[in-house]
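K.L.:
Sequence:
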Amino acid sequence: MPTWAKVLLALLGAFVLFIVAVGAGGYFYVNRHKNEWIAEGKKVAEEGQAFGAGKEGSQCLDEALRRVRDCNGIMCEARVRLFLSSCLPSAAPSPPLCTNAPPRSEMMRTAMWAVNECGSRGMIGSQPCTRLMREVQKYCESKASQR
Numbered sequence: 019m020p021t022w023a024k025v026l027l028a029l030l031g032a033f034v035l036f037i038v039a040v041g042a043g044g045y046f047y048v049n050r051h052k053n054e055w056i057a058e059g060k061k062v063a064e065e066g067q068a069f070g071a072g073k074e075g076s077q078c079l080d081e082a083l084r085r086v087r088d089c090n091g092i093m094c095e096a097r098v099r100l101f102l103s104s105c106l107p108s109a110a111p112s113p114p115l116c117t118n119a120p121p122r123s124e125m126m127r128t129a130m131w132a133v134n135e136c137g138s139r140g141m142i143g144s145q146p147c148t149r150l151m152r153e154v155q156k157y158c159e160s161k162a163s164q165r
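Residues in the sequence shown are numbered consecutively from 19, following the working numbering.
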């Protein structure tokens with residue numbers, strides 16, 4: 019077997035071992051932390067429900083936007099999205115919140131709507147804000163389907 023083929027096989031083998039090691043490490047990491055993540059998720063959901071009681075949906079969004087401004091990382095953003103998705107159903111309806119929200123199936127309108135909503139709330143160009151608007155959109159769609 020030529021030397022170049024041996025080197026190529028060795029590199030391929032090392033790459034496969036690396037992928038297996040990363041996969042195994044990820045599996046063990048998730049297994050080790052999943053219970054604390056589940057508990058934290060329940061706590062955040064309860065916090066959202068409690069916050070929404072006696073308030074309007076727009077106040078839930080305002081609080082979620084305040085929280086997402088302070089976020090640093092995907093886990094924090096996920097907590098804020100969970101907070102908002104738990105808060106909105108427990109809050110009183112806020113009709114202006116859903117006035118211009120397009121269906122999620124309309125991707126271009128969704129993107130423009132989210133950018134405009136974030137811009138009007140002082141978060142121009144904020145990707146966490148535009149992702150947070152998806153929760154508002156889901157809420158608005160669920161309200162529309164209940165009518």
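Among the hints, erroneous ones may be present.
Distance condition first, Cα-Cα at most 25 Å in a straight line; then the derived SDA-like pairs of lysine to any residue [said to hold, decoys possible]: (1) 60 with 37; (2) 61 with 46; (3) 156 with 74; (4) 73 with 91; (5) 161 with 122; (6) 73 with 52; (7) 73 with 87.
Here are the simulated distance ranges between beta carbons [to be verified]: (8) 39 with 160: 38 to 44 Å; (9) 110 with 53: 33 to 39 Å; (10) 139 with 53: 33 to 39 Å.
No lab work stands behind these hints: they were computed from the structure.
C-beta: ideal position from N, C-alpha, C; glycine also.
K.L.:
If a hint holds in the structure, say so; if it does not, say that too.
P.N.:
Status of the hints after comparison with the structure:
{"no.": "1", "hint": "60 with 37", "result": "violated, 33 Å"}
{"no.": "2", "hint": "61 with 46", "result": "holds, 24 Å"}
{"no.": "3", "hint": "156 with 74", "result": "holds, 17 Å"}
{"no.": "4", "hint": "73 with 91", "result": "violated, 28 Å"}
{"no.": "5", "hint": "161 with 122", "result": "holds, 13 Å"}
{"no.": "6", "hint": "73 with 52", "result": "violated, 32 Å"}
{"no.": "7", "hint": "73 with 87", "result": "holds, 21 Å"}
{"no.": "8", "hint": "39 with 160: 38 to 44 Å", "result": "holds, 42 Å"}
{"no.": "9", "hint": "110 with 53: 33 to 39 Å", "result": "holds, 34 Å"}
{"no.": "10", "hint": "139 with 53: 33 to 39 Å", "result": "holds, 36 Å"}
Hint check: violations occur at hints 1, 4, 6; the rest are consistent with the structure.
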